[in-house]
Structures are given as structure tokens and as C-alpha cells.
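Given next are the chains, with one letter for each unit.
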Amino acid sequence: MNELAIETHSLHKHYGDIHAVDGLDMHVPRGAVYGFLGRNGAGKTTTIRLLAGLAHASGGDMRVLGLDPRTDSPAILERTGLVVDKMLLPSMTGNDLVRFNRGFFPRWSDALATKYAEVLELDMKRKFKKLSTGNRTKLCLLLAMAQGAELMMLDEPTAGMDPVVTDQLLRVMVEDFANEGRTLFLSSHHLSEVERISEWVGIIDHGKLLLEGRLEDMRTNFRRVRVVGEALGEALPLAAWPDIVSANTGEGTTEYVVRANADAFAASLQSQGATVLDVTPLNLSEIFLEVVGKGKTNVSVEVLA
Amino acid sequence: MYLWKYWRESRITFAVGMALVGLLLWGVLKIHLGALLQGPQDSRPQNLAQLYLVIAVPLTLPLGFLGLRFGSFGVGRDLGEGSGSFLFSRPRSRAFFAWNDWGFGMAQLLAIVLAANVVLALAIYRVAPGASPIFLARQPVSMFSIFLLHCTAGLLLTGLIFGLTYFASVLSRGHGVMIAVGVLVAYSIAKSVVKHYWPAIILPDVTLTEFSVSPSPTMPAGFADHLGLSIVLRTAVALAFPFAAQLLLQQRDVD
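These protein sequences, in sequence, are chains A and B.
This note's numbering numbers the first residue of the first sequence as 311 and each following residue consecutively.
This note's numbering numbers the first residue of the second sequence as 32 and each following residue consecutively.
Chain A on its own, in the form it takes in the complex:
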């Protein structure tokens, strides 16, 4: 059995001159909670649409649960819970939608639907069009989660939800999916949420995956190295240190962010006479900003995996 739940190679999606997905290489292991991060317009939603067979790829290859979405979309969707647009059938109530949905999925669970309705505090007798934005999102999630899916692909799953429900939802996701060996692939802007539940992270920008790897590895390896002196950034050829993500000078110091080998890098700087002030770890938010941040001297980062 393929060990990857999702795999893309040089995936492209063009809308005229716009390259929404531009040579995406992504690897989502089975059983992982994978946070798919990116700025607005980075290509997250388009990627999910391609994987779900809702959009046609312009080029490249992709496999979801070992199947090709271009030819096996119904077989993939039978095993995949998808939340992408948060728009269901407007004139149906939650109960109607449960009734509608259950016929499509052989592993559908009414018990789970009831459980999630309680956990997410949803009024199932209300028509979808009369629900608030947050409650619409909850209902979309309920339908996806009660399918008994092997893989969940969620686009901004907590958008519009209050902190209490977001907390409940994340807990449910971890308990019912991550701990069950199922794969959870979620895109989000909320880095703290992703950091809380994800084991794997992929960062996309301008349709390309800039970084992919285990979150723990990123936390371990990404370091900020601060040294005295403004001219070091120019004196030190960036190409000589492929692990450098960014180099910024100012106010008498130079800050480097490296993705690996921080200690060796610091030692090298010291051997050149620089004074290293500190070497500090980065959290996911800082890593994300360094990788996709603008107005800084960014260096392309290769995939860690």
C-alpha cells in the first residue's frame, strides 16, 4: 500500500496567465495531520480543488489514496471528507442534509453526526441559508466528519468560528482522526491552530511548495543567529551556506535564519571574527514569515522531507 495519502509531482493549474498552482511537489504521509499553510492566493484552495477532482489540472501528476483524481474521483471522494466552499444546499436543514448525505457514503455514521451536532452546538432543524457563517462551517464539517472518511481535506476549517468551538473542533479532530490513524489535511491561516495539532507542515506560496517537513524537525532545525556587525550579510556569500533562509542587517547587527546546522554556521561566523550574540529557536509563525515573508533577503528553501 502506498505510504502517502496525497502525492503531487510538478502539479500545475493555470487560469490564463495566472499560475495558481505552479509545479507543486507535495507528500502527505498516511495517518498524518498535515497543515497546509500559505498566504491569501498562494494556491491552497486550488490545490484542494485539484485533489478533489473539482478542478482540472493543467499539468503534472497527483495521487490521492493511491488513485488519480482525474480518473478515479468518485472512488476518492467515497473515502474522503472534503470541506472547501462552506456552501451546502441552502433550502435544506441540517437534518435534511444528513439524510441527503448518508446515501452517498457507505461508512456514514448517524451516531457520529449526532455527536458532532452536540459538540459543535448546531441547530439541525434550521435551514442552511438561515445559519450564521460559523454555523455553516460547522455543518460542513459535521457532514465531512460523519462520513467515516480515511482522509479529510479541509480548507480553512475554523474560519468564522468562535474560540470555544474552534477549541472543541480541534480536540475532536485530534481524537477522532489523528488518533485513529486517519489522515487530516488542512489548510489554514491560523498558524497557532496548525501548530497545535499538526505533525507535518507544508508552506505554499505563488503555487509552489516552499517548505515541507515534520513540524518537530522544523522546530529543531530552524534557528535565528544574531551577530554583531552590519556588513556581514554582504561579506558572507549566501550561496556558500545553502541552509540560510534569510539574512537581514540593521542597527549594528545581522540576523540570519537558517533551516539546519545552526551551530556549525555560528561557529563559522565566529571563526571569521564575528561576535555571535545568540542562537534562538523559531516557532511555526516565525518560520512561516521567514519562508514567505516579503521585504527581506529571502533565499529559496528546499523541501526538507
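Treat the hints as calculated values from the structure; they're not laboratory data.
One or more hints might be untrue.
Stated by the list, open to error - Derived coverage of chain B by chain A (criterion: at least 3 residues anywhere in the stretch with Cβ under 8 Å from a Cβ of chain A; other residues may be distant):
#	segment
1	51 to 64
2	223 to 237
Stated by the list, open to error - Pulled a few chain A residues facing chain B out of the computed Cβ check, cut under 10 Å:
#	residue
3	410
4	413
5	439
6	575
Glycine included, each C-beta is placed from N, C-alpha and C at the ideal position.
Dock chain B against the given chain A, drawing on the hints supplied.
The following block gives chain B in isolation, referenced to the frame of chain A:
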């Protein structure tokens, strides 16, 4: 389960359609059925033919309206409401959705057309059992043949308008009724223009009434002989629309 969704959307139209057609039949029969019993016995076939003419033409309107309404339901409507991603992320092919919509819509239209014609036939049979109307062929036609022809004509009319509207709804994401009405109006205008400037060319009518009930002496000789071919061609045109809708859905990105 998917058919249940279409039924939820269309059931009011179905009930209204049945009521509308029933009301129309009741009104027309109440006014004109008595005429069948009046006059000498040998004039009944002509009266019967006249009755079909009187009924078939006004029936075109509610049937056409129902074709438009039913065509606006289903996938085209979902795309217009923004729920296309939800629908097409159910594990079925896009062809499944298109043909289920079309099949169930046609089944409801068939029920309405059949009901209307059964009521009409029974009402006539009650008043004039054994009568055979005389149409263009100048020969008596059995009531069963007329019944079948009227059912076919009604189904082809509604099927054509339904298919056109369905395709237009998919194409325009929910604005199919306006487009279909526009196409039908444009076709009627084109038909009139062609008839005025090139009288030798006769564009086919969207209905089949000219075969079954029109007593017009201007109809070209032999026109009615092509009934079978005409039905096949009209069926092909009516079926082309759901096929086109399916192809469009399969090619299109859902957003």
C-alpha cells in the same frame, strides 16, 4: 437519495403543474365537450378533431412553462447557488447528476402529460364512445393513436424546453430560464421571418400539433407522412441538450 433532492425542489411545481393542466382541461371540456353531443351523428368526428385543436393549443402554454421550471432545477440551480462544490464532491460522476436530474424531471413531465391525456381521452370516451376523429388524412383515426400522438407531442414539447433550459442553467449557472425563453422567442421570430420572406421554407414548430390536430389546408401534401422521422429528429434534438449539459459539466471546473 439524490432523486429525493430533486423531488424536494420540484414537488411544488409538479403539484402546481398537475393542478394547472387539470384546471385547463376541466374548463375546456366544460365549454366544448357538449358540442360533441350536439348536431348530427356524422359530424362528430369533425367536432372531435376540433376539440383536440381547442385543447392542444392552450395546453402548450402550461406544458412549456413546466418544461422551463423543471429545467431550472438540479445541477444548474446548485451551481448558481454556489453549492456546486458540495454536490460534486459527493462520490458520483458528473454524468450521474446530469442524467438523474434529467431522468427524474422527464418522469414528472411524463406523469403530467399522461395524466392530461388520460383525462381527456376518458372524458371524450364517456361522451362519445367509439368515435374516431378525422384529421388531415381525411380518414378516421383511432382514439388510441390520437392518445399516443398527443402524449408524444406533449412529451417532446416539454422535453425540448426542459432540456434546453437545463443545459442553459448549467451553462449560465442558474439563469437558464431567461436564456431558454430568449432562445424560444428568437426561434419564433426567425420562423415568422423565414415564413414571410421564403414561404417555401417551413421551419418546424416546437410542438407536434400540426401533425395531429391542425385542419389547415395550407399544410404541404405529404407533410404528415414524415411523422415518424420528425419524432426521431425532435427526440434527438431534445436529447442533445442533456448530453451537452453532461459534457459541459465534465469539462468544467467547479467553483
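Hints, one by one, checked against the model:
Given as covered by chain A, the segment 51 to 64 of chain B fails the check, having 0 residues with a CB less than 8 Å from a CB of that chain where 3 are the minimum. Taking a C-beta to C-beta cut-off of 8 Å, the segment 223 to 237 of chain B contributes 0 residues in contact with chain A, too few for the three needed, and the coverage statement is violated. Against a cut-off of 10 Å between C-beta atoms, the interface hint on residue 410 of chain A holds, since the closest Cβ of chain B lies about 6 Å away. Checking residue 413 of chain A against chain B: minimum C-beta separation of about 3 Å stays under 10 Å; hint holds.
Contact between residue 439 of chain A and chain B, as hinted, is supported at the beta carbon level, the nearest pair being about 9 Å apart and thus within 10 Å. The restraint placing residue 575 of chain A at the interface with chain B is violated, with a minimum CB-CB distance near 45 Å, outside the 10 Å limit.
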